[in-house]
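K.L.:
Chain by chain, the residues run as shown.
Protein chains: 2
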Amino acid sequence: MVKILCGVDLGGTKISTGLVDEKGNIIKSIKIPTMAEKGPEEVIKRIEQSVYDVLKEAGLKISDLKGVGIGSPGPLDAKRGVVISPPNLPGWDNVPIVDILSHKLGVEVKLENDANAAAIGEHLFGAGRGIDNFVYITVSTGIGGGVIIQGKLYSGENSNAAEIGHHTINFNGPRCNCGNYGCFEAFASGTAIARFAQEGIQNGKDTMIRDLAKDGVVKSEHVFEAAKLGDEFAEELVDNEAFYLGVGISNIMAFYNPKRIAIGGGVSTQWEMLYDKMMETIKKKALKPNAEVCEVVKAELGENVGVLGAAALLL
Amino acid sequence: MVKILCGVDLGGTKISTGLVDEKGNIIKSIKIPTMAEKGPEEVIKRIEQSVYDVLKEAGLKISDLKGVGIGSPGPLDAKRGVVISPPNLPGWDNVPIVDILSHKLGVEVKLENDANAAAIGEHLFGAGRGIDNFVYITVSTGIGGGVIIQGKLYSGENSNAAEIGHHTINFNGPRCNCGNYGCFEAFASGTAIARFAQEGIQNGKDTMIRDLAKDGVVKSEHVFEAAKLGDEFAEELVDNEAFYLGVGISNIMAFYNPKRIAIGGGVSTQWEMLYDKMMETIKKKALKPNAEVCEVVKAELGENVGVLGAAALLL
Numbered sequence: 076m077v078k079i080l081c082g083v084d085l086g087g088t089k090i091s092t093g094l095v096d097e098k099g100n101i102i103k104s105i106k107i108p109t110m111a112e113k114g115p116e117e118v119i120k121r122i123e124q125s126v127y128d129v130l131k132e133a134g135l136k137i138s139d140l141k142g143v144g145i146g147s148p149g150p151l152d153a154k155r156g157v158v159i160s161p162p163n164l165p166g167w168d169n170v171p172i173v174d175i176l177s178h179k180l181g182v183e184v185k186l187e188n189d190a191n192a193a194a195i196g197e198h199l200f201g202a203g204r205g206i207d208n209f210v211y212i213t214v215s216t217g218i219g220g221g222v223i224i225q226g227k228l229y230s231g232e233n234s235n236a237a238e239i240g241h242h243t244i245n246f247n248g249p250r251c252n253c254g255n256y257g258c259f260e261a262f263a264s265g266t267a268i269a270r271f272a273q274e275g276i277q278n279g280k281d282t283m284i285r286d287l288a289k290d291g292v293v294k295s296e297h298v299f300e301a302a303k304l305g306d307e308f309a310e311e312l313v314d315n316e317a318f319y320l321g322v323g324i325s326n327i328m329a330f331y332n333p334k335r336i337a338i339g340g341g342v343s344t345q346w347e348m349l350y351d352k353m354m355e356t357i358k359k360k361a362l363k364p365n366a367e368v369c370e371v372v373k374a375e376l377g378e379n380v381g382v383l384g385a386a387a388l389l390l
Numbered sequence: 076m077v078k079i080l081c082g083v084d085l086g087g088t089k090i091s092t093g094l095v096d097e098k099g100n101i102i103k104s105i106k107i108p109t110m111a112e113k114g115p116e117e118v119i120k121r122i123e124q125s126v127y128d129v130l131k132e133a134g135l136k137i138s139d140l141k142g143v144g145i146g147s148p149g150p151l152d153a154k155r156g157v158v159i160s161p162p163n164l165p166g167w168d169n170v171p172i173v174d175i176l177s178h179k180l181g182v183e184v185k186l187e188n189d190a191n192a193a194a195i196g197e198h199l200f201g202a203g204r205g206i207d208n209f210v211y212i213t214v215s216t217g218i219g220g221g222v223i224i225q226g227k228l229y230s231g232e233n234s235n236a237a238e239i240g241h242h243t244i245n246f247n248g249p250r251c252n253c254g255n256y257g258c259f260e261a262f263a264s265g266t267a268i269a270r271f272a273q274e275g276i277q278n279g280k281d282t283m284i285r286d287l288a289k290d291g292v293v294k295s296e297h298v299f300e301a302a303k304l305g306d307e308f309a310e311e312l313v314d315n316e317a318f319y320l321g322v323g324i325s326n327i328m329a330f331y332n333p334k335r336i337a338i339g340g341g342v343s344t345q346w347e348m349l350y351d352k353m354m355e356t357i358k359k360k361a362l363k364p365n366a367e368v369c370e371v372v373k374a375e376l377g378e379n380v381g382v383l384g385a386a387a388l389l390l
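Residue numbers (this note's numbering), protein chains in the order written: chain S, 76 to 390; chain D, 76 to 390.
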């Protein structure tokens, strides 16, 4: 009998656990709060329980599983199966999650950082199907990425390859959460869009963005919404975003020379507003042979990329 | 009997051809002018002749060769063995150099772009020995690079991976020869150092650089020389160069997460003047796990890297 894959997308606020067949169809999935504040022992118990719960809902049992894949925030050591110390999982310090869960569940458990897992998911089930040299990037609160080289994930010397969000695109740029100045993430993440909007408002820009942010907290969604309504300052911010994406993607082309780059994450849901200006920037900035050989597409797996990517670790 | 490797370093001004054993020792090498202005047919004849000449000098014959490796400026298509249209080889337009030379010489011929060949050379015979995830960059008139991933050259979808010189480190930067603004090469190449010096002189900087450039043409060497003599403006330029190198190398770490990065090319001969400030910049800019796992070293093969890299293509 064909075995079922179980994918666990471990996040700072929620755990998504899904059963997936080998073609990437989700059979059943559930979502529970992480309760990260209770620490690693409790969170791992919740992961274990979520696996049993989703199996129960699908009328399956643990022996039907090929294994459990976990996509976790980094830093982590995928080879040793250890989560090191993710900023949004307080109290985690070199937790051997693979050993603990494989012992508890009695099945194979695999670990990868969430962006790498998503890259594998898109490669096997989504926008990277059949593409040997493929890059996935996710643009949401931060920017992460994963790279498939000659058909396989390349994770680097210590699982930190494709830290695309933390490469410098303007060394005179704003400070990034990582401490560096001018990171791709500091210019082009959803958080950065919101920060640029907030700065504009503080400097007295005439914009409806503030009115859309009803609780006073400006988010990137408000900027896109205002731009759709014709707000000039918001349009300028969206144009800048498309330009910054174009710079970062041109750099991805220079380093990896891939055949396809897929963009996922919250910001990519505004694809139509960003695409033209982004491609225009790439055309100006990337080397011609690198740009000509490479398609830039929207990722396909949407919100399911976490679960599907984690499940794909078992293939 | 162990066969001998022949490496041809095809440049815009000279062709270096050498016989190399499988351990990377140069048995004999010669250098002739390329005479690029005479066009591809004549240049290929000169390559053929240089192979026979170096064999004669070594008392060997064509049947002693395992083959001939050619390192050429890009763009080229390594898989098809075609040189496309390098700016410094005028008149070359999709020249099937591998077919032509293997037919003429009757031995296996391999082609790779010069920076990739150099990366293979340093990986097999120099600073990258035994290092599976290794990046080589050359900093001279331009900046090129090659990347070894899991022990093998990664050349990308159409032989243009690791175009490290043409990734943007400051999108508000100076225009690069490639047309983009703010490329690593436009900030950190030898040509860029000379350009910054020239601009300073034009703006009335009090510096001895101009006096050192006796024929009025400022070169990067003059800047390093003036800095050694205590010239303040030259020292500032050298410090800036070290900073720019640090930015580019931090980006290499973010993308490839290698275990070692080796720097070759003319600018690297000023290693002692650049190292401290470059490493200080990397420490500030690179992600900690990426920086901690990676050594930055001077390349080992020096002027022989072209011939040794080309020969290494046969291994």
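Simulated from the structure, these hints should not be mistaken for lab results.
Treat the hints with care, since some could be wrong.
All copies of an identical chain are treated as equivalent in the list; a pair is satisfied when it fits inside any one copy or across any two copies.
Claimed, not checked - Cross-link-like lysine-lysine pairs, in silico, PhoX-like; alpha carbons within 20 Å at most:
no. : residue 1 : residue 2
1   : Lys154    : Lys363
2   : Lys154    : Lys334
3   : Lys227    : Lys352
4   : Lys227    : Lys359
5   : Lys179    : Lys289
6   : Lys106    : Lys359
7   : Lys334    : Lys78
8   : Lys136    : Lys113
9   : Lys106    : Lys120
10  : Lys78     : Lys103
11  : Lys179    : Lys359
12  : Lys98     : Lys359
K.L.:
Tell me the hint numbers this structure goes against, listed in increasing order.
P.N.:
Hints 3, 4, 5, 6, 7, 8, 11, 12 are the ones this structure does not satisfy, whereas the remaining hints hold.
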